[in-house]
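**Student:** In case you want the letters, here they are:
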Amino acid sequence: MNKTVLRIITLFISCSAGSVVLAAGNSNGISVQQEGFNIIAASIFVFFIAVTLVITWWAARNTHNTKDFYSAGGRITGFQNGLAIAGDFMSAATFLGVTGLVFVYGFDVALYVLAGIVGFCLLLILLAEPFRNLGTFTLSDAVSYRLSRKPIRAFSGFTSLIIVIMYLVIQMVGAGALIQLLFGLPYEAAVVTIGTLMVIYVSAGGMMATTWVQIIKAVLLLLGITILAVATFYHFNFSFSQMYQQVAETHHLGIDIFTPGAQLTDPLAMISLSVALIFGAIGMPHVLMRLFTVPDVRESYRSVLYSTCFIGYVFCLIFFIIGFGSIVVLNQHPELFDASGRLIGGSNMVAVHLSKVIAGDIFYGFISAIVFATILAVVAGLTIAGASAVSHDIYASVIRSGRASEREEIRVSRIATLVIGAIAIGLGIAFERQNIAYLMTMVFAVSASANFPLLLLSVYWRGITTRGAVIGGFCGLISSVGFVILGPTIWVEILGNESAIFPYAFPALFSMSIGFAVIIIVSLLDNSERAKKDRETFDALYLDIYLGKAVKELAE
Amino acid sequence: MHYENIHQLLEDERFRKVIRKKQRLPLLFSLAAIFLFFGFVLVIAFAPGLLAVEFGEDGVIKLYLILSVLLIILICVLMNLFVTLKARDNHDDIHELIGILREENER
Numbered sequence: 001m002n003k004t005v006l007r008i009i010t011l012f013i014s015c016s017a018g019s020v021v022l023a024a025g026n027s028n029g030i031s032v033q034q035e036g037f038n039i040i041a042a043s044i045f046v047f048f049i050a051v052t053l054v055i056t057w058w059a060a061r062n063t064h065n066t067k068d069f070y071s072a073g074g075r076i077t078g079f080q081n082g083l084a085i086a087g088d089f090m091s092a093a094t095f096l097g098v099t100g101l102v103f104v105y106g107f108d109v110a111l112y113v114l115a116g117i118v119g120f121c122l123l124l125i126l127l128a129e130p131f132r133n134l135g136t137f138t139l140s141d142a143v144s145y146r147l148s149r150k151p152i153r154a155f156s157g158f159t160s161l162i163i164v165i166m167y168l169v170i171q172m173v174g175a176g177a178l179i180q181l182l183f184g185l186p187y188e189a190a191v192v193t194i195g196t197l198m199v200i201y202v203s204a205g206g207m208m209a210t211t212w213v214q215i216i217k218a219v220l221l222l223l224g225i226t227i228l229a230v231a232t233f234y235h236f237n238f239s240f241s242q243m244y245q246q247v248a249e250t251h252h253l254g255i256d257i258f259t260p261g262a263q264l265t266d267p268l269a270m271i272s273l274s275v276a277l278i279f280g281a282i283g284m285p286h287v288l289m290r291l292f293t294v295p296d297v298r299e300s301y302r303s304v305l306y307s308t309c310f311i312g313y314v315f316c317l318i319f320f321i322i323g324f325g326s327i328v329v330l331n332q333h334p335e336l337f338d339a340s341g342r343l344i345g346g347s348n349m350v351a352v353h354l355s356k357v358i359a360g361d362i363f364y365g366f367i368s369a370i371v372f373a374t375i376l377a378v379v380a381g382l383t384i385a386g387a388s389a390v391s392h393d394i395y396a397s398v399i400r401s402g403r404a405s406e407r408e409e410i411r412v413s414r415i416a417t418l419v420i421g422a423i424a425i426g427l428g429i430a431f432e433r434q435n436i437a438y439l440m441t442m443v444f445a446v447s448a449s450a451n452f453p454l455l456l457l458s459v460y461w462r463g464i465t466t467r468g469a470v471i472g473g474f475c476g477l478i479s480s481v482g483f484v485i486l487g488p489t490i491w492v493e494i495l496g497n498e499s500a501i502f503p504y505a506f507p508a509l510f511s512m513s514i515g516f517a518v519i520i521i522v523s524l525l526d527n528s529e530r531a532k533k534d535r536e537t538f539d540a541l542y543l544d545i546y547l548g549k550a551v552k553e554l555a556e
Numbered sequence: 001m002h003y004e005n006i007h008q009l010l011e012d013e014r015f016r017k018v019i020r021k022k023q024r025l026p027l028l029f030s031l032a033a034i035f036l037f038f039g040f041v042l043v044i045a046f047a048p049g050l051l052a053v054e055f056g057e058d059g060v061i062k063l064y065l066i067l068s069v070l071l072i073i074l075i076c077v078l079m080n081l082f083v084t085l086k087a088r089d090n091h092d093d094i095h096e097l098i099g100i101l102r103e104e105n106e107r
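Protein chains in written order, with my numbering: chain A, 1 to 556; chain B, 1 to 107.
Note that these hints are calculated values from the structure, not bench results. One thing to keep in mind: the hints can contain errors.
[What the hints assert, rightly or not] Label-pair distances were calculated between CB atoms; the ranges are:
no.	chain 1	residue 1	chain 2	residue 2	range
1	B	Leu10	A	Val492	50 to 56 Å
2	A	Gln332	B	Leu85	47 to 53 Å
3	B	Gly39	A	Ser513	19 to 25 Å
4	A	Glu493	B	Leu31	34 to 40 Å
Values in this document were obtained by computation on a predicted structure and should not be read as measured data. C-beta: ideal position from N, C-alpha, C; glycine also.
With the sequences and hints as input, model every part of the structure.
**Tutor:** What follows is the structure in C-alpha cells.
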C-alpha cells in the first residue's frame, strides 16, 4: 500500500508544480480582478503541502486497522485535539467571513461569536462524556447504542452525509473564488487541487493525517491572526478608545456601529438564528468525530476546553481588533475600492486586504497561504466524517449487518473518500458564481433539527424509542430543508417569487422544535416490543456511560 | 472494577437515584449557559436602550462590548468549573452502591 501512496504523492507533486507554473504563465496581464501570481504565498503554501504530505505518508505507515483509520488510534492528546477541533470550527468562512461581517455590520456580529462559543460549551457539558464512553468512531455509535442499530445508523449516516456534502460544496465554491483571487490560479484548477489533496490526506493517512493537517493549520491561523491583530492595534497606538473613536468617525453608521443594529431587530428571527448556530454546531459530524481521537474522557473534556479557549481568543481578536480596525485602515486606502465604492473582492477579502496594507507583501503572502491551508484542512476533516458515515454506519452496520471485516471497511471508506472528493469537485465547479448562501443556513438547520434532538434525547431521555427517533429525525430533516426552500433566501431571491411562504430566513427554531416534538410524541405512543426494549436499556446505558464499557464486558 | 450481578444493580431503585443525581450537573450547567446567552440576546432584542451606557473618556465604548467580552470569559470559566466538578465526582456513588449491594448479598 505504501508504494501506491508514494506513487500518488509523487504524481500529485509533479501535477501541482505544473499547475503552479501554468498559473504563473497565465497571470501575466490577466483581468484586473485577480491579484496575479503571488510568489510568497505560493512558496509558503507549497512548503505546507510538502510537510502535510510527509505527515500523510508517515500516518499511512501507521494506519493498520479501523481504529487507526477513523480515530487516529486514540493517540491524539487533549491539547492537540483541542487545536484540531478549533481548526475544524475555524474555517476560512469564519476567519474571513466574520472579519468581513464586522467591517460591514459592526456590533451585530457579536451574536455569531457568542453563539459559536456557547455551542461548544454545551457540546462539552452535555455530550462529551456519554458520546466518548458509548461511541467508537462516529456519532451514530452512541445514538444507536440502545436503539435498534440498522434504522438509526441508516438515518444518522444519511444526515451526516448530507451535512458533509453541502458543507463541502460551500467550502469548494468559496475556496475556488478566493484562490483565484489570491494566487491567480484558475477557478477549476483551484477546486481540483483542493479536492485532490483532501482525497490523498484522507484515503492514505486517515484520521491521523487529517488531524495533523488540522493542527498545523490551526497553529498557523492562531499565529497569523495574532500578528494581524497586534499590527492593527499598533496602528492605533494600542488604545481601544482611540481606535473606536476613529471607527465611529469613519463608518457610515457612525457611533451606532457599536450598538445592535438593523441585523438584530426581529427578536424571533434573532433567536432562531442563535438556535441554528448553537445547536447546529453541536450536531456537526466532523466535530463530534474528534471526541474519539483521544485516549479517554478526561482528554476529550480537555480537548473541548482547549478548543473553546482558542476559539474565544481568535473571535475576540477578530471581533474587537481586526474587524473594527479594518473599518478605519481600509477606508484610508481608496485604491482597495472599485468605482462604485465596493471593496475589491467583496467583504470576504477584508482580512486579506488588511494584512497587505498594514504589514506588507510578505505577511500578505503568509495570510493567503493560511487561507488556502485553512480550506484544505477543513475539507479534509469533512471528508473523513463523510467517508466514515458511508463505510462505518451505512456499509458495515446496515448493508453488511456488522459482518464486514476491518480491511473491507477501510477499503470501502477509501472508495467513499474518492467518490465524495469527486462529488465535491463536480458540484464545486457546477456551482461557480451561484448564490449559495442558503446552503450554509441549510447545513446548520439540518444539523440542529435532524441530528441534535436525536443526540440529546438518546442519552438523556428514558422514553425515546427507535420508531420515535427515526420518524422525528426525518421530520426535523424535511422541515429544516423545506423551510429554507420556502423561506426568503431561496423562494424569493433565487426562485424569484413575490413573497416567502415561510417568513424566516433561519428556520432552526421551528424545525428543531418539530424534530423534538415528533420524537417525543411518537416515542410516547410507541407500544411495540422494540420500544419496550429501548426504554428498559436506559439504566444499562448509564452504567456504561459512567463506568465505561469495560465493566459490562467484565461482568458478562 | 468488577461486579457479579449487573442486573441486580440495574433494577435497584438506589441506582436510578444515583443516575438522576449524576444527570443533574450537566443539566444545571447547560441551563446556566443557555440562560446567560439567551438572556443577553433577549435584552438586545427587547430593550436595546438598557445596555447603551457609555464608558471611557470619549464615550465610544458601550456596555454591549464589555458585556460580550465578559460573556465569553464567563462561559470559559463555566466550562472549567464543570470539568473540575466532574473530575471530583469520579464515579464514587456507583462504586459505593456496588459495595453496599455486595455486602447485602453476602448477608
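**Student:** Could you tell me which of the hints above the structure violates, numbers in ascending order?
**Tutor:** Every hint satisfied by this model.
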